[in-house]
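Visitor: As a plain string of letters, each chain reads:
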Amino acid sequence: MRILKLLGILAGATALLLTPARAANEIVVGFATAASGFMQAYDKPAQDAALIRIDEINKAGGLLGKKIKAVFADTKTDQAEGAKAGLAVLDQGADLVIVSCDYDFGAPAALQAQAAGKVSFFLCAESIKAGIPGVGPFSFSASVLAAVQGATMAEWAYNKKEARNFYRLLDSWTVYNKGICDGFDWMLPRLKDAKLAGSDTFKNDDASIASQITRIKSLPKEPDAIMLCTMMPGAVSAIKQIRAAGIKSMILNGSGVDGSYWLNAVPDLSNFYVPVQGSVYGDDPNPKVNEFNKKYKDVTGGDPSSQYVYPGYVLIDVWAKAVERSKTTEAAGVVAELEKMNNEATLFGPRTFTQGIHHQNQGRYLIVDTEAGKPKVIDQWTISEKIPVDYLVSK
Amino acid sequence: MTAVLQILFDALSLGSIYALGALGIAAIFGVMRLVNFAHGDFIAFCVFAMLWPSIDAAAIVFAGRLPFYLLIPLLLSVGAALSMLSEVIVFRRFRNANPATMMIASFALGFVIRHLLLMLYSSRPKSITLWPNLGLPVEFFGAHIPMLQVVTIIITLAVLAVLVLFLKHTRYGLEMRAAADNFTMARMLGVRANGVILLAFAISGMLAAAIGLILATNSGTADIGMGANVMLIAFIATVIGGLGSVPGAVAAGFLIGAASVVFQATRPHDARVFRDAFVYGAVIVVLLARPQGLFAPKSAKQRV
Amino acid sequence: MSKPPSVIRQTVVTPIVLIAVLLAMAALTYAFGSRAFNRTAIEMFINIMVVVGLYAFVGNSGLLSFGHISFMCLGAYMTAWLAIPPVMKSITLKGLPVWLLHTQLPMWVATPISGVFAALFALIVGRIIMRLSGIAASIATFGLLGVVNNVYSNWDSVTGGQGSIVGIPPTMNVWIGWLGAAVAIVTAYLYSISRSGLALRATRDEAIAASASGVDIVRERLIAFVVSAFIIGLAGALYAHFLSIVNPGSFYLRTTFVSLSMLVVGGMYSLSGAVSGVVVMSVLIELFRNLEKGVSVGGLPIGLPNGVQEIAIGIITIIILIYLPTGLTRNREFSWRGWPLQRRLASPVQTALKEMN
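Protein chains in written order, with our numbering: chain A, 1 to 395; chain B, 1 to 304; chain C, 1 to 357.
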């Protein structure tokens, strides 16, 4: 037992890392994100984009005359470890704690930041909880709510594609999926003459969705559009099975299926629509986005894999602006400036924060259409009214 | 009529995958009384063997480009090799350990393999295109079933038939059954223990590769968690089917697939998310009614 | 002729030694550890509670249970329902009964209630499942885990579904963690030296003879099931206060297998095994995590590549089990040679006739 005690002390000693002294002319930004485990594939791209923006700011003279320094702590895709990662970056003097792309894995670190009175920002979480309801008044998210994606697709398909019969297929695996369908549910009654032809659920890792497909095929008329509320990896299998069964309806999705890396699995996919904040395919209407894609490739060695790279850039962008305007990194000042932002222009769409919501419940989305396996931006859409916060929180 | 036939086909669709998984687990369980919790990770490993290790989003398929008459034997041998390797390195040391130790060892092995794959390939699913034509449906009496599922069912039944014939009519099969019945006695009678066990592991590994191929073709992606769901159901099916009874495991796999499909098709919308709860509940009920498994002989029932 | 010393006097060294060592660890952590390290220690203490609870059932009955983490889930969520401020509950958990929405209880009250809730649930479910033996029982407990996980992940109005619910006051510290572990150890110890525990161990070693001697197997198993559920329910409650956020995914397969691994690595049939398994594994995990974080040598970080920690732990588990298949403590209990009249708790008997199951 004594050996075990000694081991315990040894482990404790190595845990007391030497904390580097914080230079007075530096602003510290702490990344409490996943560098291992399954969230790593989702956190790293957005993190790289954030680092690109930090680099740009430093080259342009810094923030409030000081250089931004990034520090990191690995959450290892574990909630308990995430809390420790948050503490670790706070101990290194972080004024901003950036946390994982997913609410469940980012919240522990964000809660630590909130308790320490610092601003926390979710890299790309799209749940309403990633902000005031789920963390506290100093917490924000850099992306757009999942519900907006569902509502956007429904309204766009209704207005631009004359879709009237919708089928709702929900993958009950995650809160993100449910969020997309919640937005869809909210929008549908607002569209005159639009009908819900039917509704079904499946689970992401189901080996076969044969019975769900049977239900669709047994409808008297093929639905105009299928609202598919799902994400990787099960999305590919579902889409494959739907098309293989001969169902030709429009498939409307959330942003989670953005990216061309999986299109090989469903050859000649057509009539397939995805909302994105910016295009990774080189055809964004804003030429600066295409420039950013090139810069991203230079820095990281590969093209952006999906639109989830972009919120990382937006995060640093809006936070830095708020710091400049409030002339301080103190949470109260920064939060006040952020909450004043109304349709603040960023490279990837306008951003609005208010005292009631630190997330986007309305957003400009580009619509990407995939025809014969090739994705292309064809349109853009902003939903006509904001989704009410009460509705979102009560779901 | 068509609706019932369709449900039947859907059930066969899903059940065939579970049945093939159950075969892989039952093969080892029958001989060693070991539940191989690493089986799901063997499945994932075989699928990733087709890709070149890289953490980029796009997959770099190298072996996956081979024509099917090369790809299938290659993957089967990869599966068999991995399985036999794990027997020699890990499971051989646990021959006489108690079942809990063996289970935890197999879980640890699976854990290592999964995290190795995670480090090499990252968690983002990679797309693989294999025989996309197999996704097209075949029609029977107005009900349709994807060609791939028909192929899966045929493969499952064929493998089952071959396995049963092998076990009953060949010398190796006889040795395997003897070893399953009473290992020590079989050794005393001249059965080469190591050979029989290696054979069982090789068969299980090949089955893992087969399921991996089928899952990859069906879903078009290679994902680290691929085999996990199938493995869980396969484990349950093996026990419900009757310990050590290979046909029983297959039948139980089909049964669970059928139950899942029937629940999905018949429950009202709000209850459908609880489908898994119903299936697990049904499993408990079956176990209470027949604890030794549905297809085991009555003599296998425990005395206390 | 003097009376032979009671069982307690002979075996009480074990829990005393265990609790004392844990106390020393807690004290050292509190005095010298960073905030993050304190959190690691609390996590270890909660794991000790879980694994000791598992031991109370698995070690005494010989049945491997995959379902016990569902009790942790029940305990954690009950604490969430009781401890989250009513303002937050009313928005997200509308399906809860009104009286529950308006209560907010402190940790000292909510935790035992959560434990009792888990125990009651175990009582009801156990009456059904405990009739099974061997691997059928293990699969049935697996089914239990699946059912609880599925229900908690999808009953959105009551449990918040898959999304985490926040708001549990973060009132945990190392001392409360130690207290929880101590309570778990004492409870498991008292159960195992009780008449019921002894009877259950008899069924573990030789079921037919025990049954023939009049032991009601189902009843004894049920008692063990309920006691272990209580301990694990307490662990779940403290876990909720520790993370201040609960999510059904944390109470499913990964946690189940990690706790079972810690139990088997330590020694499935002994209380000391349960505790040492957790301590050793926790120390190793922390060591490897720090090796991954690396050390800054002249500005250059040197460390293991990320992701190596899990692989290393898996390999070490296998190696430990190869050389010590009965676990680190080899199924014996800790004792102190100086203690008069000391006797070890009985280790399992290797019988000539082994039931093949």
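Just so you know, not all the hints are guaranteed correct.
As the list claims (entries may be wrong) - Per label pair, the in silico range of CB-to-CB distance:
no.: 1; chain 1: B; residue 1: Thr2; chain 2: A; residue 2: Arg190; range: 35 to 45 Å
no.: 2; chain 1: B; residue 1: Phe141; chain 2: A; residue 2: Asp369; range: 50 to 60 Å
no.: 3; chain 1: A; residue 1: Gly356; chain 2: C; residue 2: Arg35; range: 31 to 41 Å
no.: 4; chain 1: B; residue 1: Leu70; chain 2: A; residue 2: Glu26; range: 50 to 60 Å
no.: 5; chain 1: A; residue 1: Gly246; chain 2: B; residue 2: Arg187; range: 40 to 50 Å
no.: 6; chain 1: A; residue 1: Lys297; chain 2: C; residue 2: Arg35; range: 24 to 34 Å
Because the hints were derived from the structure by calculation, they are not lab data. Here the structure is a predicted model, which is why all the values come from computation and not from measurement. In this text, a Cβ means the ideal position worked out from N, Cα and C, and glycines have one as well.
Visitor: Hints first: check each against the structure and report whether it holds.
Guide: Against the structure, the hints:
Range check, B:Thr2 to A:Arg190: about 37 Å between beta-carbon atoms, so the 35 to 45 Å window is met. Look at B:Phe141 against A:Asp369: about 37 Å separates their beta carbons, and that is not inside 50 to 60 Å. Separated by about 33 Å at the C-beta atoms, A:Gly356 and C:Arg35 satisfy the suggested range of 31 to 41 Å. Checked against the hint of 50 to 60 Å, the C-beta distance between B:Leu70 and A:Glu26 comes to roughly 58 Å, which is consistent with it.
For the pair A:Gly246 and B:Arg187, the supplied restraint of 40 to 50 Å is violated, since their beta-carbon distance comes to about 57 Å. Look at A:Lys297 against C:Arg35: about 40 Å separates their beta carbons, and that is not inside 24 to 34 Å.
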